[in-house]
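Visitor: Letter by letter, the chains look like this.
Number of protein chains: 2
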Amino acid sequence: MDKLLCPGFLTSSCTAGLKKHGVPDLGIIYSTVPATAAGVFTKNLVKAAPVILDMKRLKSGKAQAIIVNSGNANCCTAKQGMVDALEMTKYAASSLNIDKELVLVASTGVIGLPLAIDKIKKAVPGLVKNLSKESFTDLAKAIMTTDKFHKTVSEQQNINGKPFTITAIAKGAGMICPDMATMLCFICTDIKASPDFLKKSLLHANDRSFNTITVDGDTSTNDSVIIMANGVSGICMDNNKSAKLFQKTLDDVLIKLAKMIVRDGEGATKLVKINICNANSDKDAKKIANTIANSNLVKTAFFGEDANWGRIIAAAGRSKALMDPDKVKIFFDDILIVENGAGCGESSELKANKVLKLPEFTITVDIGIGTGKATVLTCDLTLEYIKINADYRT
Amino acid sequence: MDKLLCPGFLTSSCTAGLKKHGVPDLGIIYSTVPATAAGVFTKNLVKAAPVILDMKRLKSGKAQAIIVNSGNANCCTAKQGMVDALEMTKYAASSLNIDKELVLVASTGVIGLPLAIDKIKKAVPGLVKNLSKESFTDLAKAIMTTDKFHKTVSEQQNINGKPFTITAIAKGAGMICPDMATMLCFICTDIKASPDFLKKSLLHANDRSFNTITVDGDTSTNDSVIIMANGVSGICMDNNKSAKLFQKTLDDVLIKLAKMIVRDGEGATKLVKINICNANSDKDAKKIANTIANSNLVKTAFFGEDANWGRIIAAAGRSKALMDPDKVKIFFDDILIVENGAGCGESSELKANKVLKLPEFTITVDIGIGTGKATVLTCDLTLEYIKINADYRT
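First to last, the sequence lines map onto chains A and B.
Read in order, the letters of the first sequence are residues 1 to 394 in the working numbering.
Read in order, the letters of the second sequence are residues 395 to 788 in the working numbering.
Do not take every clue at face value.
[Claimed, not checked] Taking beta-carbon pairs under 7 Å as the criterion, some of the chain B residues facing chain A (in silico):
1) 470
2) 471
3) 505
4) 510
5) 553
6) 557
7) 597
8) 698
9) 707
10) 711
11) 719
12) 735
13) 739
14) 742
[Unchecked claim] Here are a few chain B residues that face chain A, going by a calculated C-beta distance under 8 Å:
15) 418
16) 439
17) 504
18) 712
19) 717
20) 741
21) 744
22) 747
23) 749
Because the hints were derived from the structure by calculation, they are not lab data.
No experiment lies behind these values; they were computed from the predicted model shown.
Beta carbons are placed, not taken as given, at the ideal position from N, Cα and C, and that holds for glycine.
Chain A extracted, bound-state conformation (with noise of 0.2 Å):
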């Protein structure tokens, strides 16, 4: 029984019926007071209705609620799109008695399905009426689509004696792959700080928790990350000590939720950190790392448990990034199993195998060209996933 909290936020969920079998789809994240707020949000060019509208009411740099379905993604829904999620924040708006710029809209769930707004509208009042403060966790339950676990990180920290928290909430399932389901996250917070600030630490902490497992650019349609920070701990963002204590936790709390994601993508048992070094820049070894990452024959090797870094090397010869395979060197966590671009053998073949049956490992590969280097996470790809995605909407 975790009791997430952070000070000056209340949270509520519900079963509005958007979903198929009675389980929550409902929840609304609010601040006792207006807070600044920040976003980062999809580069899919196709961008989901409630997308759009967060993008527009953030340029205020203030929000003081976020109303989240699951169960439709609001996407691809014609110029109703928009009416409905203009519909449900100015809901929330209404039920907690607070300015509809204020209110902020995420949706996740099947695309191009018209959203049944009137159980929403019903919804809302009891929605708010239910606003705890010990609720996160259910919220964070509320908003899982393919999720087989909810994913919650609560840190607190000390400024001079005095402390901050941040709490967090996201969904998702195997965003290692580019185009998988949607991934929302919703951080709040009780630090001071202006707009530019919380964008610039949100836009940080982003690029080493999500965007590590997920090729650039290649996001789902619904895709979005906003923080919230209250100030009513009082403690201000105006000297770099607290200014860096605070990126530092929140860069903890984005990187512990976004390797839950990998760890719950879609039907995997292996987590597999892809590890690129010596490349001859942190650019070409973010594609040999992400061309690794997204390979099916990689990815299905690790599920067959079978050292078959061929494949490796294989990909990453394909990855467009500058490379010498004569030059190349593969550890299996730290088994050498590939030197000057030729395999070490039988016996290092079957030590590697051994890492392979591990729940969690990580495969090296140092390009011998240069200094840069670069991080994905990924997982195994299994009959399970193909199971869930050929399933999904029946």
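Assemble chain B onto chain A, guided by the hints.
Guide: Just chain B now, with coordinates in the frame of chain A:
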């Protein structure tokens, strides 16, 4: 019982013992007279030794034989790899009593294991002894790896009452996914042509066939398409009419083989044409087509026979091509399912679901902003794919 022939060409195949289960794994194609020759090869930076050797030898524009093995890719095999590739051509040249510079070599199978060159050495004399006009089909079988069926096409045309022949064999399963098994294709023809003419014709046909079933540059370490023209028909490519007819025939032969490869996609149950029209440019259309054709979410939805067009438009949206979602139309065969970026309702989805039950269908995405177009063939992503690729080496 097809009797594939090509005048002046002999082939042979046998079991050298490179594969585990005693099935044929070695073969030779031999032209009774030196032929002009050309090839196109993988763009992967990691190139197998036989690929590197062939690229070098084909600079002469001449060849008389190809020795090919399955069961081992002779890739990432350090310096020994090139030694072994050279040995293979030497054995063949010596038994055939021709210049070794006129012998090309191809290998396909597992990466990173040393080639059992002694087994090949022992097998070559018998192979040469058994050369026959009528064994193209057996050779096509001997080069298979994960292929479920062998792939051969032969066409004959007449120019001024004189016939010429193109007979080709290929192997490969599921190149629609960028990094799957190696593709090999060997084309024999009895026309008389210069190396330059041959190279140009091969590039043209390759662009319209094998390059429409894979992402540009995303090729395996061993991909090779080689053509030999021995001139025994006496038909010269010295005028527009004959050159055009030859090109058309060659395009046709390679397109047929490419379709066979997709139909044999590892574990595939459906052949799907992704047809993009009215994009901003042909290049953009190709980006969109490839992103859709390689999306795991789209491919599993095909397998699940679910008209989940949201995944198709979302893949298009992350392809980095210009697009205005509100202008997009999507058809499943002739069923309009998306218009102005939104769904056309349940009745059209029900009709589209019926299309998805067919073994072959076309998805047309009309981007609605220009005149660019592209077509890519793909297949579904199935449970069987995972099983094949998780167990490949075991």
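Visitor: Broken hints, numbered, in rising order?
Guide: 4, 5, 6, 7, 13, 14, 15, 20, 21, 22 and 23
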